[in-house]
Amino acid sequence: MEILHSIILGIVQGLTEFLPVSSSGHLEIVKAILQDEKIGEESMLMTVLLHGATALSTISIFRRDISEIVKGLFSGIKKDINFSLKITLSMIPAALVGLIWEEEIEKLFGGNLILVGSMLIITALLLYFADKAKSTKKNLSFLNSIIIGVSQAIAILPGISRSGATISTSVLLGIDKEKSARFSFLMVVPLIIGKISKDIFSGEIAFNSSDSLPLLFGFISAFIVGIIACKWMIQIVKNSNLKYFAFYCIILGSGVILYSQL
Amino acid sequence: MDDNKKFAFTKNNYILLGIGVLLIIIGLFLMQGGGSEEPNIHNVDEMFGFRRTVLAPIVIIGGFILNVFAILYSPKGE
Numbered sequence: 095m096e097i098l099h100s101i102i103l104g105i106v107q108g109l110t111e112f113l114p115v116s117s118s119g120h121l122e123i124v125k126a127i128l129q130d131e132k133i134g135e136e137s138m139l140m141t142v143l144l145h146g147a148t149a150l151s152t153i154s155i156f157r158r159d160i161s162e163i164v165k166g167l168f169s170g171i172k173k174d175i176n177f178s179l180k181i182t183l184s185m186i187p188a189a190l191v192g193l194i195w196e197e198e199i200e201k202l203f204g205g206n207l208i209l210v211g212s213m214l215i216i217t218a219l220l221l222y223f224a225d226k227a228k229s230t231k232k233n234l235s236f237l238n239s240i241i242i243g244v245s246q247a248i249a250i251l252p253g254i255s256r257s258g259a260t261i262s263t264s265v266l267l268g269i270d271k272e273k274s275a276r277f278s279f280l281m282v283v284p285l286i287i288g289k290i291s292k293d294i295f296s297g298e299i300a301f302n303s304s305d306s307l308p309l310l311f312g313f314i315s316a317f318i319v320g321i322i323a324c325k326w327m328i329q330i331v332k333n334s335n336l337k338y339f340a341f342y343c344i345i346l347g348s349g350v351i352l353y354s355q356l
Numbered sequence: 018m019d020d021n022k023k024f025a026f027t028k029n030n031y032i033l034l035g036i037g038v039l040l041i042i043i044g045l046f047l048m049q050g051g052g053s054e055e056p057n058i059h060n061v062d063e064m065f066g067f068r069r070t071v072l073a074p075i076v077i078i079g080g081f082i083l084n085v086f087a088i089l090y091s092p093k094g095e
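Heads up: the protein sequence lines correspond to chains A and B, in order. Numbering-wise, my numbering comes out as the position in the first sequence, counting from 1, plus 94. Numbering-wise, my numbering comes out as the position in the second sequence, counting from 1, plus 17.
Same shape as in the complex, but just chain A (with noise of 0.2 Å):
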């Protein structure tokens, strides 16, 4: 493993853990393309070490948040106790898809790129409607919180974008933009620290000392790139600038459904 690969690979994962323009997505699409089915397989503790990078990003940018929280919820403060409920109930439909059909999702709709193109089509006409939707500022419900979980889980699919899936669906219930884009980036941390114990205890993780620098350079990357592109999405969300992802996702979308009629 070399040096400036995983810098790439650090990058890559910083940018599109928060840009709303989906990882998975592009991944079967530069698949298809190069008709190389190996690209993105990085070793399981490659992908703990970056996912792990850019859950500490979140952390570090909602720290007052999480810090009062969780001061909040030993205080037994009303306020903060409904906040961690809602992000738990939030959580539980992506984790129930995950745990039960996520392999299924993989190899029913991996390599399909009309699904992918149709994803990223629904994707930018999200992102759009959010982007236009009237500015309020409703609170967040438990009800919300779980059709937002919903649309978390839904984007498993290759094509749907997380944050852009969440933000929006948070945004066009009603909820502040800033709150919305909060909420989307704190309800995955506990998810990402879940899925990284559950890989590391799986006894599937392998260390070679000669990757120590490359895993290294690549978790430090994935982890500053990750803190400005969280400060940059929020700043995108705050200003109604996801029209111009909505853009890029419908020709990116339209495109690759072109591309496969070939």
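Derived by calculation from the structure, the hints in this document are not laboratory data. Hints are supplied without guarantee of correctness; some may be wrong.
Restraint-style ranges between C-beta atoms, simulated for each label pair [stated by the list, open to error]:
hint	chain 1	residue 1	chain 2	residue 2	range
1	B	68	A	98	27 to 35 Å
2	B	91	A	345	41 to 49 Å
3	B	75	A	341	46 to 54 Å
4	A	296	B	57	24 to 32 Å
5	B	91	A	230	47 to 55 Å
6	B	75	A	175	26 to 34 Å
7	A	303	B	91	34 to 42 Å
8	A	333	B	26	25 to 33 Å
9	B	28	A	237	44 to 52 Å
10	B	27	A	303	45 to 53 Å
11	A	162	B	35	41 to 49 Å
Just a sample of chain B residues kept apart from chain A, beta carbon distances all over 12 Å, derived [said to hold, decoys possible]:
hint	residue
12	32
13	36
14	49
15	55
16	57
17	69
Note that beta-carbon positions come from the ideal geometry of N, C-alpha and C, so glycine has one too.
With chain A's structure known, arrange chain B on it following the hints.
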């Protein structure tokens, strides 16, 4: 969100972060090895022993948890 800008890291945060990363590295080295030179011989006890399947993961997870704590840590009065 603006409050986070005022919530800067102190020296202690960086020390804790460094220890967290060090724990992850130690965990990875504990996980190393256990393979066999001979393709027909599998050292199952060696490969799936306590050190590689229990101790090393706990040390790595401990490193991650310490990193999270390091990021959230804020000394009183700062």
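Going down the list of hints, with the structure as the test:
1. 68(B) / 98(A): 27 to 35 Å: With Cβ atoms ~33 Å apart, the hint holds.
2. 91(B) / 345(A): 41 to 49 Å: Because 45 Å falls inside the window, the suggested range holds.
3. 75(B) / 341(A): 46 to 54 Å: Because 47 Å falls inside the window, the suggested range holds.
4. 296(A) / 57(B): 24 to 32 Å: Given range 24 to 32 Å: holds, Cβ gap about 25 Å.
5. 91(B) / 230(A): 47 to 55 Å: Distance hint for residue 91(B), residue 230(A) is violated at roughly 33 Å.
6. 75(B) / 175(A): 26 to 34 Å: About 29 Å separates the Cβ atoms of residue 75(B) and residue 175(A), which means 26 to 34 Å holds.
7. 303(A) / 91(B): 34 to 42 Å: 36 Å, holds
8. 333(A) / 26(B): 25 to 33 Å: At 27 Å between Cβs, range holds.
9. 28(B) / 237(A): 44 to 52 Å: 45 Å, holds
10. 27(B) / 303(A): 45 to 53 Å: Given range 45 to 53 Å: violated, Cβ gap about 33 Å.
11. 162(A) / 35(B): 41 to 49 Å: 26 Å, violated
12. 32: 16 Å, holds
13. 36: The claim holds: residue 36(B) sits with its nearest Cβ about 14 Å from chain A, beyond 12 Å.
14. 49: The claim is violated: residue 49(B) sits with its nearest Cβ about 5 Å from chain A, within 12 Å.
15. 55: 18 Å, holds
16. 57: The claim holds: residue 57(B) sits with its nearest Cβ about 19 Å from chain A, beyond 12 Å.
17. 69: It is violated; residue 69(B) is separated from chain A by about 8 Å at its closest Cβ, not greater than 12 Å.
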